[in-house]
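Chains as they are written, first to last, in our numbering: chain A, 599 to 888; chain B, 92 to 370.
Note that these hints are calculated values from the structure, not bench results. Keep in mind that this is a model prediction, so the values were computed, not measured. Positions of the beta carbon are idealized from the N, C-alpha and C atoms, including for glycine. Be aware that one or more of the hints could be misleading.
Which residues of chain A face chain B? A partial, calculated answer using Cβ under 10 angstroms [stated by the list, open to error]:
no., residue
1, Thr640
2, Gln695
3, Ser740
4, Phe742
5, Ser745
6, Gly746
7, Glu769
8, Ala772
9, Lys780
10, His790
11, Asp844
12, Tyr859
13, Glu862
14, Leu873
Derived EDC-like pairs (lysine to aspartate or glutamate); straight-line CA-CA distance at most 16 angstroms [as the list claims (entries may be wrong)]:
no., chain 1, residue 1, chain 2, residue 2
15, A, Lys880, B, Asp362
16, A, Lys703, A, Glu725
17, A, Lys875, B, Asp109
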Amino acid sequence: MDISFEHVSYIYQPNSPFEHRALNDITFSIKSGSYVAVIGHTGSGKSTLIQQLNGLLQPTEGSIQIGKYKLQAGEKTKNLRGLREQVGVVFQYPEHQLFEETVAKDIAFGPHNFGVEKMEIDRRIKEAVQATKLPDELLERSPFDLSGGQMRRVAISGVLAMNPEVLVLDEPTAGLDPRGQKDIMDMFKDLHKEKGLTTILVTHSMEDALAYADHIIILNQGEIYREGTPLEIFKQHDALEKVQLDVPEVMDFLRRAKKEYGVEIEYRGQDIAELAKELTLKVRGDSDHE
Amino acid sequence: MGERQVEFRNVSFRYQEDMPWVLKNVSFTIGPNEWVAIIGHNGSGKSTIAKLMNGLLFPQEGEIFVDGMKVSQESVWDIRKEVGMVFQNPDNQFVGTTVRDDVAFGMENHGMPRDLMVERIKESLKAVRMEDFERYEPHRLSGGQKQRIAIASVLAVSPKFIILDEATAMLDPKGRKEIMQTVREVQQERDLSLITITHDLQEVTQASRVLVMNSGEVWMEGSPREVFSSKDHLTEIGLDTPFVSKMADHLKAEGVSLAREPLNHQELLEDLWTSRSNM
Numbered sequence: 599m600d601i602s603f604e605h606v607s608y609i610y611q612p613n614s615p616f617e618h619r620a621l622n623d624i625t626f627s628i629k630s631g632s633y634v635a636v637i638g639h640t641g642s643g644k645s646t647l648i649q650q651l652n653g654l655l656q657p658t659e660g661s662i663q664i665g666k667y668k669l670q671a672g673e674k675t676k677n678l679r680g681l682r683e684q685v686g687v688v689f690q691y692p693e694h695q696l697f698e699e700t701v702a703k704d705i706a707f708g709p710h711n712f713g714v715e716k717m718e719i720d721r722r723i724k725e726a727v728q729a730t731k732l733p734d735e736l737l738e739r740s741p742f743d744l745s746g747g748q749m750r751r752v753a754i755s756g757v758l759a760m761n762p763e764v765l766v767l768d769e770p771t772a773g774l775d776p777r778g779q780k781d782i783m784d785m786f787k788d789l790h791k792e793k794g795l796t797t798i799l800v801t802h803s804m805e806d807a808l809a810y811a812d813h814i815i816i817l818n819q820g821e822i823y824r825e826g827t828p829l830e831i832f833k834q835h836d837a838l839e840k841v842q843l844d845v846p847e848v849m850d851f852l853r854r855a856k857k858e859y860g861v862e863i864e865y866r867g868q869d870i871a872e873l874a875k876e877l878t879l880k881v882r883g884d885s886d887h888e
Numbered sequence: 092m093g094e095r096q097v098e099f100r101n102v103s104f105r106y107q108e109d110m111p112w113v114l115k116n117v118s119f120t121i122g123p124n125e126w127v128a129i130i131g132h133n134g135s136g137k138s139t140i141a142k143l144m145n146g147l148l149f150p151q152e153g154e155i156f157v158d159g160m161k162v163s164q165e166s167v168w169d170i171r172k173e174v175g176m177v178f179q180n181p182d183n184q185f186v187g188t189t190v191r192d193d194v195a196f197g198m199e200n201h202g203m204p205r206d207l208m209v210e211r212i213k214e215s216l217k218a219v220r221m222e223d224f225e226r227y228e229p230h231r232l233s234g235g236q237k238q239r240i241a242i243a244s245v246l247a248v249s250p251k252f253i254i255l256d257e258a259t260a261m262l263d264p265k266g267r268k269e270i271m272q273t274v275r276e277v278q279q280e281r282d283l284s285l286i287t288i289t290h291d292l293q294e295v296t297q298a299s300r301v302l303v304m305n306s307g308e309v310w311m312e313g314s315p316r317e318v319f320s321s322k323d324h325l326t327e328i329g330l331d332t333p334f335v336s337k338m339a340d341h342l343k344a345e346g347v348s349l350a351r352e353p354l355n356h357q358e359l360l361e362d363l364w365t366s367r368s369n370m
């Protein structure tokens, strides 16, 4: 689904002493099928932004178009239910929201609420646990007997069972160990491709933004600070440093090589082996001239 | 079982009799003023070691000594005075309604006189650079600030050992940096040993020694340089290695000879340039 924000602002508790403008005049568009990373510090407006994607918050100013759904400031949104069926949100620490007696019941909760019939629900449960790589024998277990990583997969399965077209991920790997983090991120990448989803990833990890996203939006103090492809964004080291954001380690390393040793290697997404090759050639080349 | 040391002597532990061993015949020593990082993936026994160290759990086999005392039901309160712990979730370790109440809580439990408490609150908040937040309500703080308060609460009791059990895992990059800087400063200024349980490889490179755990056993032990130079072994048990280590490997494959196992960008670049003369 195509998504566009037109001059969107969001103000918490307007006209009160606690008034707080969390988003200020945000305009951007996301093409259907893209994988977008939203980056910014705590308090930059990321959470406010994603809560408007499925109508949990309505813009105070401006308008948002998500597929055929429109959220307009000052107007009641029609068919919010339809919107929520199509935009799945995986919130931070989603396992905290598990509550059912069994894994299967927990996954079924969403589709059941939306009136999906039993046979279809069973089919979707099967598909969801396959995608999240949960063994079938866990389905009748209590979700609270599982490990942290498994609980998170159950919660994600519940979102997938809604068959969303847009998947919003709010720091989906926080608190997992490195192996668990990579497994979850790879899983979302596969889902994104196979199902042709539009994926929006909120993250603090520049490494993940570089590895998985095709477009990056950087928020700072409620405004869009930079927007572009990962390579475009991460070349702007100084601009990122200004708002205290890092660049991925590989780009930081290459920048250092250039700054301190004058060796310039352009980063085009090469892996470490290729970079090592280029680096060796450059260094050798230099010493031949001496 | 010397003073200012933690010693594990052939320690085995399991949660129940019909369950598999979580730790198998583990022995190691942590000396005064050392910074030891414990790594290993989930389920390798890292956190169990931490809980055994301050008597939250007791081993079925072997013995544990802290500062010359054997850890047991009887000694547990004396042990906990010497071993402070900071856990992963910043929201799960607050009891006070203000920052100062919270820092006072641990000292109250150890029955410290009021004057000393007031003095220690000031001192320990200053050590984590949170002295301006004494009257704040904890829930108004950021994750990184909360963890610094948790460290201050531990410092106030003046332990000889501090264990950070994935204390930075739930923080954003900025909060993570704040904590690690605080920890480094505190360790330099005070006489104490640090034990950090972590997945963060940047954190590991700063430790003086690394214990690698795998399926309940000490799998490897050495300086960060030694540990990361045996990358093949680490990958074998599913652990990642830092970017510079990987880069160094690929450079070697290209025929570049490097003088040492690099721990950061600076070292790798330096050695790469020194190597030019040998090409």
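Hint by hint, here is what the structure shows:
no.: 1; hint: Thr640; result: 5 angstroms, holds
no.: 2; hint: Gln695; result: 16 angstroms, violated
no.: 3; hint: Ser740; result: 18 angstroms, violated
no.: 4; hint: Phe742; result: 17 angstroms, violated
no.: 5; hint: Ser745; result: 8 angstroms, holds
no.: 6; hint: Gly746; result: 8 angstroms, holds
no.: 7; hint: Glu769; result: 9 angstroms, holds
no.: 8; hint: Ala772; result: 6 angstroms, holds
no.: 9; hint: Lys780; result: 9 angstroms, holds
no.: 10; hint: His790; result: 23 angstroms, violated
no.: 11; hint: Asp844; result: 6 angstroms, holds
no.: 12; hint: Tyr859; result: 6 angstroms, holds
no.: 13; hint: Glu862; result: 14 angstroms, violated
no.: 14; hint: Leu873; result: 7 angstroms, holds
no.: 15; hint: A:Lys880 <-> B:Asp362; result: 15 angstroms, holds
no.: 16; hint: A:Lys703 <-> A:Glu725; result: 15 angstroms, holds
no.: 17; hint: A:Lys875 <-> B:Asp109; result: 53 angstroms, violated
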